[in-house]
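Residue numbers (our numbering), protein chains in the order written: chain D, 1 to 214; chain L, 1001 to 1214.
Don't read these hints as lab results, they were simulated from the structure.
Nothing false has been slipped in among the hints.
Chain D is faced by these chain L residues, among others (derived, beta-carbon under 10 angstroms):
# : residue
1 : Tyr1018
2 : Ile1077
3 : Leu1078
4 : Pro1178
5 : Lys1200
Heads up, the beta-carbon is just placed ideally off N, CA and C, and yes, glycines get one too.
The residues making up each chain are set out below.
2 protein chains.
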Amino acid sequence: MQNKKISKAVINRLPRYYRYLGDLLEKDVVRISSKELSEKMNVTASQIRQDLNNFGGFGQQGYGYNVEYLHTEIGKILGLDRKYNIIIIGAGNLGQALANYSDFERRGFYIKAIFDVNPRLIGLSIRGIEIRSIDELEDFIKHNQVDIAALTLPKSKAAQLASDLTKWGIKGLWNFAPTDIHFPQDVIVENVHLADSLMKLSYKLSEKDRPADN
Amino acid sequence: MQNKKISKAVINRLPRYYRYLGDLLEKDVVRISSKELSEKMNVTASQIRQDLNNFGGFGQQGYGYNVEYLHTEIGKILGLDRKYNIIIIGAGNLGQALANYSDFERRGFYIKAIFDVNPRLIGLSIRGIEIRSIDELEDFIKHNQVDIAALTLPKSKAAQLASDLTKWGIKGLWNFAPTDIHFPQDVIVENVHLADSLMKLSYKLSEKDRPADN
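If we strip away everything but chain D, and leave its shape as in the complex, we get (with noise of 0.2 angstroms):
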């Protein structure tokens, strides 16, 4: 179960199982069929065993999922059973937002300082998170475990930061910059493009006026 290598496709789904099972959790749900699970989920049944074999598989003929037992494991397949601290660079809407976000910390992810060079927004806080300089990084960097840095700062600032932060220790990278970031080796980058869902909307909802090929 370990390293073995798990295709794009099954990693891509494993954060909507958690989500999912984790929803059925708060719901006091006990156990569930994959017929079920792939009914509230939109994807096949098969589809479910499949993804899920790839790590041992979870299920009980004739009793289905656990689902308790489901949320863990795939918590810890997802790296969820640690703790990870993560830093904002960038304390415009998009950081102000990822802040904000209380789920993050429910799931092991705790947002420890907000950076931006914007002096009237340094020394403010969001909640109890403090914005603090840009000039402080490399500095906070250095005395303080951070795991994860996510990015929303302009594209032309995006690529030089992201290479001081990997040369002062961080292997996450977390970006949200609108150009993509790319590290050899160990450095791992999770790169959001927020219009690309837009235009995957957009590429349906044109798909759907098509007329249909015969």
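Start from chain D and add chain L according to the hints.
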């Protein structure tokens, strides 16, 4: 080309192709080989050829791809050869961040209004886009052509509002509320879960630290 069923994975990659080609265009690059494009995009050249073959190819043996032509054609596939009017429901940090993205307009997405319940926000403007009372929502939709509603709302309010919006004729929902919304048939929903990409990041970070199987 028109209504052939294209796999989700391909559709997921199209916005990236479009963005990369747009970057190349800005740098006045006229043509590119699938090999060069693949290096830039971090996918294999054969993947690119395969993906684009879904739409008839576009490449010429020994020449590669004409950047402008490919950009235009992928844009058409993505439905970007027309305009979309967007409204944002929720003028919190995330709603304001979306309203501030001028990039969307470049791709044909025009934000027409923002709606909120907070009297302190109603009447303010973001980049010239007015924040209106949620009480005006139904009327606004009836008197304006609205293609897409972006939902930046608490989980507890999202489902009901989504249902109202579709009743009033909205066909596209871009949902940022931390709950999956599904509608049958002719309403297209794109659910964006920021936490999902964070969990992918933690998956990859913890995968790195796992001892290899053998």
